Amino acid sequence: MIVDANANLGNWPFRRTSYNDPKRLLERLARVDIDRAWVVSLDAVMYKNVHAANAPLAEMAAEYPALMPVATINPTFPAWERDLVECKESLGYRGVRAYPNYHQYELGDPAFDDFLAVADDLDMFVEIAVRMTDERHHHPLCMVPPVELAALPDLAAKYPRLPIMLINAKNTDLVPLIEPTEGMENLWFEMSHIEGTGGVEQLGRSLGLEHILFGTHAPYYYPESAILKVTRECEFSEEEQEAILYGNAGRLLASAGP
Amino acid sequence: MVIDCHTHIQGYKGSPDDPPSLKLRRTGRTGYLLEFADRLGIDKICLSLGTSRDYYPTPEVIAESNDMVWAEAERYPDRIIGFCYLNPRYLQESLAEMDRCIANGPFRGIKLWVAIHVDHPNLDPIADKAAELGVPILQHTWIKIAGNLPDESEPRHVAAIAERHPQTTFIMAHSGGNWERGYKTIIEHQNVYGELAGGDPEMGQAEMAVRLLGADRLVWGSDAPGRSFASQLSKVTGADLTEDEKAAILGGNMERILGL
Amino acid sequence: MIVDCHVHPTSPPDQMLHYADRMSIDKLCLSLGPHFIQQPTPEQVEADNDFNRRLVEVYPDRFLAYANLNPNYLEHSLREIERCLVDGPFIGIKLWVAMRCDHANCDVIAERIAELGALVLQHTFYRTGGNLAGESSPADLAALADRHPQTTFIMAHGGLNWEKGLKTVIEQENILVDTCGFDPEMGYTEMAVRLLGAERVVYGSDGAGRSFASQLAKVYGADITESEKTAILGGNMERILGL
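Chains as they are written, first to last, in this note's numbering: chain A, 72 to 329; chain B, -17 to 242; chain C, 8 to 250.
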């Protein structure tokens, strides 16, 4: 059993990606024995009214039990709260993703605090996408810096029941979080962007392997990258490997509530 | 055979206060790198640079760096292939270092980083000498949207020097980072190889290179230890290519270039 | 009946009516004047209102008019309301970009309009790169409308950046939105109907600067019911104006 906590459907404006519809994505992931995937809509990132992507994604994923869709919300856009309630109560979403950098707010923005409070009330989990692609070669008309994470430990402490998951965070984003997030049970780290020789093992042990989630960032990334890191490069015990590949994902969902 | 055309000595030397997670890095300059290479089935690694990351190293720093690589290559002669680091701003010293390390030493290639654009006239005698010695030039390239370092080469610089030296083999390290642009820059330059090291494992890269250049003009490298062997290998193992094409990229082409 | 809730007399009236006829538009609601003046003096305000009044008098079956105001001149604005609405044929007022509508002067004006049972047509933009100094956003209008639940407002242009504009005024039942003055982007009218209900959407063109056709397309081409289209094209304005 392998759960990919970071896969994408739909179109990315700056590169044509293959395998970006549900059927082809699942077939591609199955090539490396990934059974289930948590998917977001790439279309939502650049939409002004991001909620427009949530109903179609839910509908698309409904036909594929192996997919769990994750909604997208921009808490600086009007009526987001009503949209988020609709995501949970009508569309069946359990998780919601924020793109503070693409949607131009900081983690310290009061709107983000409100967002976490509502997600907490709704028993959802929250994903923060730290980046989407390598900043060094963004499109020149759309240069988007990564999310500044210094405010994260305080926010996570304020909502101890709310699972918060960092997506696409690199080593340099995560190292400063090791100390201030020590012992926090509600913070989760997806590993697709952890680099360096043995990086997932070394950084993962520092952050706590019980909070590392397997993720591929497919189809933007080759899913083989994450698979090789966890199953071949790093020296994990069988229990540790199972926790990363699916066990931790299950615990995250359970901790979010029904 | 799997050959990693692009690895480095860890810049960090280690301190007694390091946490246990860094222990591996203190056990030797490259011993730990080979442990990871074993796990991923990598037979040989091409090693370059020392522990200095000066953009403009002096001839003394260059010699010291190459001595470090030389020592590692002697310690693991079946696994490590040295690439001779140069700062072409020092032309006479560079030519002398090529004699010391390649003509009279075990090094099998040249590594150029960010000291000078590779189409600078100083590179002409170096490129000719590399052709005489039968060794490739591995040139770092990137196209950074916020601007390169002042003397950091882009793919177009490699294309320019390669046109002047058709007998010299160039490996365009990182394929410019912005690889869609990088590969399209060198389509016509038969003596330039695309190279896969050091960027994120973005889908489609190796496929595009093979489509535009052919599988015999693409080589695999990792940029370890800064990058994971695993993430970098996925660019080939995960690509929609034939097994023959993958074998050529992972090692066959480098075997031919290095005359192994 | 088709009522265009938002036009300006920037081309000759017979020419405007010629094209309105071709598009079966029955009535056109005028505002501003032949020359758009962002910060008009009281004299310029009166001149534009007199210009539109003459058009209403010459073509009483075709033209209606909103009185222009510059709320920076509060006393003059209140006098102009008396002159045009109480003692004249105007159906409401038009506020453009002279002053943001969340200013206290607009509270006084909105109260008077409620007493008269008339309409406020308020230009709104969410302009990427920042609004003009006196240019209202949908959020400004929502704040004003919250303070004056008895006043009926038409939020012109849906805020331009309409996905954001429409979502800003969901809760303000006394705000209607018009369809005018931006490109015929698919989805606008559907979203407005979905969020606000068809009874809160009114057709307008922003002619003569815009084509009646491109703006009518937002209603004709929308994936909504025929009865919703009828309401938007004229039914809602008939109800509001008691035509």
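Please keep in mind that the hints were generated in silico from the structure rather than gathered at the bench. Every value quoted in this text rests on a predicted model; they were computed, and no experiment measured them. Some clues are possibly wrong.
[Said to hold, decoys possible] In the SDA-like style, the derived pairs of lysine to any residue whose C-alpha atoms are separated by at most 20 Å in a straight line are: (1) A:Lys241 / A:Ala188; (2) B:Lys126 / A:Glu130; (3) A:Lys119 / C:Arg29; (4) B:Lys126 / A:Thr243; (5) B:Lys166 / A:Pro211; (6) A:Lys119 / C:Asn138; (7) A:Lys119 / C:Gly194; (8) B:Lys111 / B:Glu170; (9) B:Lys126 / A:Arg207; (10) B:Lys166 / A:Lys159; (11) A:Lys119 / C:Phe189; (12) B:Lys166 / A:Asp184; (13) A:Lys119 / C:Ile177; (14) A:Lys94 / B:Gly186; (15) B:Lys126 / A:Pro211; (16) A:Lys94 / A:Lys119; (17) A:Lys241 / B:Asp222; (18) B:Lys126 / B:Tyr72; (19) B:Lys111 / B:Asp101; (20) A:Lys229 / A:Arg276; (21) C:Lys236 / C:Asp109; (22) A:Lys159 / A:Arg207; (23) B:Lys126 / B:Arg138; (24) A:Lys119 / C:Asp190; (25) A:Lys119 / C:Met198; (26) A:Lys229 / A:Ala188; (27) A:Lys94 / B:Asp222; (28) A:Lys119 / A:Tyr176; (29) A:Lys94 / A:Ala129; (30) B:Lys166 / A:Ala188; (31) A:Lys159 / A:Asp184; (32) A:Lys119 / C:Lys236; (33) A:Lys119 / A:Trp151; (34) A:Lys241 / B:Glu184; (35) A:Lys119 / C:Glu197; (36) A:Lys119 / C:Leu167; (37) A:Lys241 / B:Gly180; (38) C:Lys236 / C:Met193; (39) A:Lys229 / A:Glu256; (40) B:Lys166 / A:His210.
Hints, verified against the model:
1. A:Lys241 / A:Ala188: 27 Å, violated
2. B:Lys126 / A:Glu130: With Cα atoms ~39 Å apart, Lys126 (chain B) and Glu130 (chain A) exceed 20 Å; violated.
3. A:Lys119 / C:Arg29: 36 Å, violated
4. B:Lys126 / A:Thr243: Status holds; Cα separation ~19 Å.
5. B:Lys166 / A:Pro211: 19 Å, holds
6. A:Lys119 / C:Asn138: Given that 20 Å is the threshold and the Cα spacing comes to 18 Å, the pair holds.
7. A:Lys119 / C:Gly194: 13 Å, holds
8. B:Lys111 / B:Glu170: Answer violated: Lys111 (chain B) to Glu170 (chain B) is near 23 Å, above 20 Å.
9. B:Lys126 / A:Arg207: This hinted pair holds, its Cα atoms lying about 5 Å apart.
10. B:Lys166 / A:Lys159: Violated, because 46 Å separates the two Cα atoms, which is more than 20 Å.
11. A:Lys119 / C:Phe189: The given pair, whose Cα atoms are some 17 Å apart, holds under the 20 Å limit.
12. B:Lys166 / A:Asp184: 46 Å, violated
13. A:Lys119 / C:Ile177: The hint holds at about 17 Å.
14. A:Lys94 / B:Gly186: 19 Å, holds
15. B:Lys126 / A:Pro211: 10 Å, holds
16. A:Lys94 / A:Lys119: 27 Å, violated
17. A:Lys241 / B:Asp222: This hinted pair is violated, its Cα atoms lying about 27 Å apart.
18. B:Lys126 / B:Tyr72: 26 Å, violated
19. B:Lys111 / B:Asp101: 15 Å, holds
20. A:Lys229 / A:Arg276: 25 Å, violated
21. C:Lys236 / C:Asp109: Violated, because 32 Å separates the two Cα atoms, which is more than 20 Å.
22. A:Lys159 / A:Arg207: Cα-Cα ~36 Å, so violated.
23. B:Lys126 / B:Arg138: Holds: Lys126 (chain B) and Arg138 (chain B) sit about 13 Å apart, inside 20 Å.
24. A:Lys119 / C:Asp190: Between Lys119 (chain A) and Asp190 (chain C) the Cα gap is close to 17 Å, so the pair holds against 20 Å.
25. A:Lys119 / C:Met198: 14 Å, holds
26. A:Lys229 / A:Ala188: 9 Å, holds
27. A:Lys94 / B:Asp222: 17 Å, holds
28. A:Lys119 / A:Tyr176: 14 Å, holds
29. A:Lys94 / A:Ala129: 15 Å, holds
30. B:Lys166 / A:Ala188: The given pair, whose Cα atoms are some 49 Å apart, is violated under the 20 Å limit.
31. A:Lys159 / A:Asp184: 18 Å, holds
32. A:Lys119 / C:Lys236: 26 Å, violated
33. A:Lys119 / A:Trp151: Distance ~12 Å between Lys119 (chain A) and Trp151 (chain A) Cα, so the pair holds.
34. A:Lys241 / B:Glu184: 15 Å, holds
35. A:Lys119 / C:Glu197: 16 Å, holds
36. A:Lys119 / C:Leu167: Within the cut-off at roughly 13 Å; holds.
37. A:Lys241 / B:Gly180: This hinted pair holds, its Cα atoms lying about 14 Å apart.
38. C:Lys236 / C:Met193: With Cα atoms ~15 Å apart, Lys236 (chain C) and Met193 (chain C) stay inside 20 Å; holds.
39. A:Lys229 / A:Glu256: Cα-Cα ~12 Å, so holds.
40. B:Lys166 / A:His210: Holds. Lys166 (chain B) to His210 (chain A) sits at ~17 Å (cutoff 20 Å).
Of the numbered hints stated above, those contradicted by the structure are hints 1, 2, 3, 8, 10, 12, 16, 17, 18, 20, 21, 22, 30, 32, listed in ascending order.
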